[in-house]
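Dock chain B against the given chain A, drawing on the hints supplied.
Number of protein chains: 2
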Amino acid sequence: MGEAIIIACSSPPVVNTLVFPTPQDCEAAFYDAFESADLETMMAVWAEDEDVVCVHPAGPRLVGVDQVRESWRQIFASGPQLRFHIKDSQILRGMLLSIHSVLEHILVSGEPRPRGPIIATNIYLLTDHGWRMLAHHASPAPAQESVAPEARPAKLH
Amino acid sequence: MGEAIIIACSSPPVVNTLVFPTPQDCEAAFYDAFESADLETMMAVWAEDEDVVCVHPAGPRLVGVDQVRESWRQIFASGPQLRFHIKDSQILRGMLLSIHSVLEHILVSGEPRPRGPIIATNIYLLTDHGWRMLAHHASPAPAQESVAPEARPAKLH
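Chain order of the listed sequences is A and B. Here this note's numbering is used: the first residue of the first sequence is 210, the next is one more, and so on. Here this note's numbering is used: the first residue of the second sequence is 210, the next is one more, and so on.
These are computed hints drawn from the structure, not numbers from a lab. Please note that the accuracy of each hint is not assured.
One copy or two, it doesn't matter: identical chains are merged, so the pair holds either way.
Said to hold, decoys possible - Computed cross-link-like contacts, SDA-like style, restricted to lysine to any residue with a CA-CA straight-line distance of at most 25 Å:
no., residue 1, residue 2
1, Lys296, Pro266
2, Lys296, Asp241
3, Lys296, Asp337
4, Lys296, Asp275
5, Lys296, Glu257
6, Lys296, Gln276
7, Lys296, Val317
8, Lys296, Asp258
9, Lys296, Glu259
10, Lys296, Gly273
Bound-form chain A, shown alone:
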């Protein structure tokens, strides 16, 4: 009986629990879920935390699991339409946090070539259930991804 109880405790009846042993595994699952428009897998990527933050390109700041889930539900409503090529990753990994700055080259279904890159800052947190996404901040790069800051508006930083 004692053993059975222990086994029961260590194997809770949770369905769709994914454990990502590295931040890179979590990031791969994030973009896989994005491409396949899989809401449940997408939300398994995110930390179950009221402090999660998501900023889609040109969108508002979304805070907390409920707002983040609702945004993905709407994005995924039209089904899989995007293919991602992630380039030029800059990664800084701490003990509990991992910061990834990446360029997303996105091929939209029906379009002949990828759109100009989206700059994304992806932040992962080591939780009791492996690495999870804590924040995703995405914004469009200028048409030509370049280092020339004179392309920016003059007055706003």
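Here is chain B on its own, set in the frame of chain A:
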């Protein structure tokens, strides 16, 4: 003689070395330097690291101290023009990294009221010289900062 050497070693002749004991101190110095268009203080805020990342609103991704410094030099060329009110901070602090999601309400010199908010993800790193900025990713929020993701473009995330 021995004491003199020790004193010399512990007090290197470095000018303008600022030490920020907390991420909040570093963030306050970042926005103070921004408001006063003070390039040297701004660069004292940043980690001296080739992996630093800076994304100004609608700008490209800048990587490394040289690109980051050049962008601030250009932004500051016209002198102090901005006042910041930082609101709705979401902070997650780890041992060596601190993640701050903030809304920047910016009053531009000569304009009667603040512009719509800029969403900023600010990331700080604990270095041998206190906390320093590792990344700044800023992008404009929609005209009305809201949680309604339907304001986003339909196809891009």
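Results for each hint:
no. : hint               : verdict
1   : Lys296 with Pro266 : both (18 Å within a copy, 21 Å between copies)
2   : Lys296 with Asp241 : within (15 Å within a copy, 34 Å between copies)
3   : Lys296 with Asp337 : neither (29 Å within a copy, 31 Å between copies)
4   : Lys296 with Asp275 : between (30 Å within a copy, 21 Å between copies)
5   : Lys296 with Glu257 : between (28 Å within a copy, 24 Å between copies)
6   : Lys296 with Gln276 : between (28 Å within a copy, 19 Å between copies)
7   : Lys296 with Val317 : within (17 Å within a copy, 35 Å between copies)
8   : Lys296 with Asp258 : between (28 Å within a copy, 20 Å between copies)
9   : Lys296 with Glu259 : between (30 Å within a copy, 18 Å between copies)
10  : Lys296 with Gly273 : between (28 Å within a copy, 17 Å between copies)
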